[in-house]
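Student: Given these sequences and hints, build the entire structure.
Number of protein chains: 2
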Amino acid sequence: MTVPTAPPTAPVSLISPRWLAPVADGPAVLTGQTVVVQGTQIAAVMAREAALQAYPQASRIDLDEHLLIPGLINAHTHAAMALLRGTADDLPLERWLHERIWPMEGALMSEAFVYDGSVLACREMLMGGITTFSDMYFFPESTAKAALDLGMRAAVGIIVIDFPSAYGSGPQDYLAKGLKLRDSLRHEPTIGFTLSPHAPYSVGDAALADVARLSAELQMPVHIHVHETAREVAEHVARHGVRPLARLAALGLVNPELIGVHAVHLDGADIRLLANHGASVVHCPHSNLKLASGIGPAVARLLKEGVNVAIGTDGSASNNRLDLIAETRTACLLAKGLSGDAAAFNAHQALRAATLGGARALGMQDRIGSIEPGKAADLVAVDLTDDGLATFHDPVAHLVYSATNQQVSDVWVNGQSVVVKRQMVHARALDAVAAVRARNVVWHNRLGQFVPGNVRA
Amino acid sequence: MTVPTAPPTAPVSLISPRWLAPVADGPAVLTGQTVVVQGTQIAAVMAREAALQAYPQASRIDLDEHLLIPGLINAHTHAAMALLRGTADDLPLERWLHERIWPMEGALMSEAFVYDGSVLACREMLMGGITTFSDMYFFPESTAKAALDLGMRAAVGIIVIDFPSAYGSGPQDYLAKGLKLRDSLRHEPTIGFTLSPHAPYSVGDAALADVARLSAELQMPVHIHVHETAREVAEHVARHGVRPLARLAALGLVNPELIGVHAVHLDGADIRLLANHGASVVHCPHSNLKLASGIGPAVARLLKEGVNVAIGTDGSASNNRLDLIAETRTACLLAKGLSGDAAAFNAHQALRAATLGGARALGMQDRIGSIEPGKAADLVAVDLTDDGLATFHDPVAHLVYSATNQQVSDVWVNGQSVVVKRQMVHARALDAVAAVRARNVVWHNRLGQFVPGNVRA
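Heads up: the sequence lines are chains P and F, in that order. Our numbering numbers the first residue of the first sequence as 4 and each following residue consecutively. Our numbering numbers the first residue of the second sequence as 4 and each following residue consecutively.
The hints are simulated quantities; they were obtained by calculation from the structure and are not laboratory data. Heads up, a few of these hints could be off.
Label pairs and their calculated CB-CB ranges [said to hold, decoys possible]:
{"hint": "1", "chain 1": "P", "residue 1": "GLY343", "chain 2": "F", "residue 2": "GLN222", "range": "37 to 43 Å"}
{"hint": "2", "chain 1": "F", "residue 1": "GLN452", "chain 2": "P", "residue 2": "GLY309", "range": "48 to 54 Å"}
{"hint": "3", "chain 1": "F", "residue 1": "GLN222", "chain 2": "P", "residue 2": "GLU68", "range": "46 to 52 Å"}
{"hint": "4", "chain 1": "P", "residue 1": "LYS307", "chain 2": "F", "residue 2": "GLU238", "range": "25 to 31 Å"}
{"hint": "5", "chain 1": "F", "residue 1": "GLU68", "chain 2": "P", "residue 2": "ALA209", "range": "50 to 56 Å"}
Here are some chain P residues the structure puts well away from chain F; computed CB gaps all over 10 Å [as the list claims (entries may be wrong)]:
{"hint": "6", "residue": "GLU144"}
{"hint": "7", "residue": "LYS180"}
{"hint": "8", "residue": "LEU221"}
{"hint": "9", "residue": "ASN291"}
Every residue, glycine too, gets a C-beta built ideally from N, C-alpha and C.
Tutor: Shown next, in the form of structure tokens:
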């Protein structure tokens with residue numbers, strides 16, 4: 004897909020932050036620069052004085068104590084699960100699934116459930132500087148609608164799984180519904196799609212072969228949970244004779260379109276396979292730890308061997324925050340602790356993973372992920388002036404190691420200003436959130452029946 | 004030390020939160036309860052209606068959307084290092100020490116440096132719900148003054164180290180100065196002391212024997228870095244023939260007064276030694292990961308074998324936030340990831356470690372760490388009503404897994420209200436912070452000379 008050229012008459016905004024981290028070639032942090040936004044696009048990055056002269060009629064946004072970064076990309080979530088936050092804490096994975104998540108989903112899953120949960124998740128993500136999310140869930144039309152209502156960019160997953168649900172009867176039905184949805188939304192510039200087979204253990208060869216064929220035909224990314232737990236890998240070997248990634252490779256799925264989520268348990272051959280075929284890994288450290296899947300992949304080694312790394316929050320039932328700044332910090336800390344090298348996965352590499360790494364995983368690196376002319380204006384301003392923490396020397400390191408997502412002050416998606424001084428500004432988004440909040444107590448009471456010892460009511 | 008009985012005429016406040024987590028025997032979360040504070044103490048915890056009848060003249064503080072918890076106890080920090088935040092990110096430990104921390108400390112260390120850094124740290128900690136901190140640094144008189152100015156409770160460390168500094172010439176001098184300081188502040192109810200020998204590798208047998216004798220004579224805790232890195236343990240074995248904890252045991256230091264900080268590298272014998280002698284471990288997960296010391300101690304195993312566990316932030320140069328809620332969350336997540344058991348170190352155990360565990364480590368479990376009659380009124384109210392995250396079923400799990408320290412709204416230390424609706428309220432504290440902020444730019448510029456590539460100026 005090419006970036007549509009903004010008409011020369013599109014309004015121009017000049018965004019002048021104190022610090023700019025473009026995540027591009029050249030210096031990691033710039034000062035005195037202005038980002039020129041025309042229509043949906045970044046038209047230029049230039050010295051502030053020159054920008055003011057070149058665009059005397061433009062609106063000016065001065066961010067005197069802010070770091071401007073590319074919009075954060077949450078490369079893996081199940082947005083609708085925001086409604087399930089706190090329903091299954093401190094439970095082993097089997098009980099987490101069998102006693103909580105599956106019964107609740109079985110009882111409540113619907114278009115309305117997915118829409119309401121996704122609105123809550125989109126609000127949380129957007130306010131925390133996430134401009135794009137890659138999702139996997141049932142009723143993806145509701146996820147897409149939530150993203151459109153809130154003004155976020157989304158890579159909506161066309162889910163494929165061997166068992167039926169309220170949403171569909173099986174792989175063929177899921178694919179047909181998903182492709183139809185994709186077709187109906189192809190005019191929306193901020194909505195893209197991935198093929199999202201759930202996992203190698205929950206999708207059989209026939210459906211995976213269909214996914215591989217569609218991915219090649221339609222140039223669509225394939226977004227799939229892989230090697231999340233040691234048990235899953237061992238059971239796969241027992242059943243199929245090979246590790247899951249080897250089976251995916253045999254089915255033609257290990258290539259630059261592959262987005263392997265979690266990838267906690269990788270051996271050397273797995274890593275070489277991913278690296279040699281240009282695949283991506285989404286690291287979801289909080290979820291991997293909280294569900295006791297393991298400490299996570301060796302990110303420093305993945306990068307060294309050439310695997311593209313993105314960062315994801317996973318869903319709210321296993322995290323419990325959709326906070327990519329916190330997630331990125333934990334990714335950095337774990338990479339150091341695991342490798343024994345405090346220089347491993349430094350703050351600048353981490354910001355790259357949380358932006359351009361996500362864009363590359365989604366095949367969108369030509370459109371988003373960095374602040375460069377010609378890319379879409381997905382931008383985030385972070386106010387670094389909390390006085391109590393004001394001693395810093397590298398604003399990117401301060402962002403990664405010290406800041407919180409509550410310091411995100413302004414957000415633009417595709418050139419649209421969607422958050423200003425920590426307030427969402429569009430009536431459509433505000434209306435959507437207000438409506439969901441009014442319904443939230445109903446969901447909460449219904450979900451509470453599945454949670455013994457619920458003390459909220 | 005006994006708790007002074009409040010005079011019957013001391014003013015009474017009735018604090019009525021929506022949820023109360025007393026960290027005591029009985030239900031983990033209570034509703035409809037009021038904490039009766041008289042003078043410096045908790046006089047009672049009782050049903051709200053009964054409290055209103057019993058104390059009709061009392062002032063009433065209704066916290067309708069808040070969880071009230073015991074004040075958090077940061078069981079290990081170097082508060083003054085708040086000035087060094089961001090000066091040494093992403094560096095291996097040797098370069099961290101030799102190129103940054105030691106040269107900066109050598110050039111700048113003074114009473115003024117320690118006071119100013121400690122004021123910034125106390126502000127950050129207090130606003131984040133930490134009511135007590137255990138410190139280790141030079142010029143402890145400045146740390147004590149900062150704690151007094153900000154109205155925090157502190158366990159000030161009497162540092163002991165074999166090398167000289169701007170503060171003192173060696174172990175005897177450090178001990179003499181520290182004990183004199185302790186004597187001069189013995190009338191301050193919120194200032195206590197620990198003996199704080201730096202580490203087994205930096206303090207010789209003679210000084211450690213002095214520490215052991217003083218600890219026994221004065222019933223003082225001994226707060227020491229132990230088994231932080233694998234290299235330190237190996238070098239100790241090469242030099243002394245035994246692991247560090249075994250040498251401390253031979254010197255009479257492994258007993259209920261021992262506060263072993265970090266303890267990342269423990270074998271089974273080390274754990275049994277700590278458990279059998281009633282010693283405590285302070286887990287500082289962010290620092291251990293960031294400096295690549297390792298993944299941290301196996302907290303679930305420590306608790307199972309009976310070792311008291313507390314949580315610490317360490318200093319700002321290796322963390323970089325003095326945020327005990329985030330630190331506790333990471334401790335939970337790591338415990339699960341390390342043990343492979345998602346039920347390990349659950350949210351309630353974690354809150355206990357961050358409160359009563361810290362109190363027990365400091366020998367203050369009779370005075371602080373839980374909300375019970377007779378204890379000092381060190382209390383923290385956390386506003387759980389961020390709408391975007393409002394779906395929860397257990398307020399303690401929500402605090403640990405979803406909340407941030409910016410949701411701390413009200414803080415009491417020793418019965419004094421020190422933070423109200425996220426504002427510090429005492430003139431002495433506000434004046435101290437304002438004065439330090441005015442000087443902060445000077446420290447920042449001087450420190451910036453040690454940080455190549457500093458882009459802030």
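Student: Checked against the structure, which of the hints given earlier come out wrong?
Tutor: 2, 9
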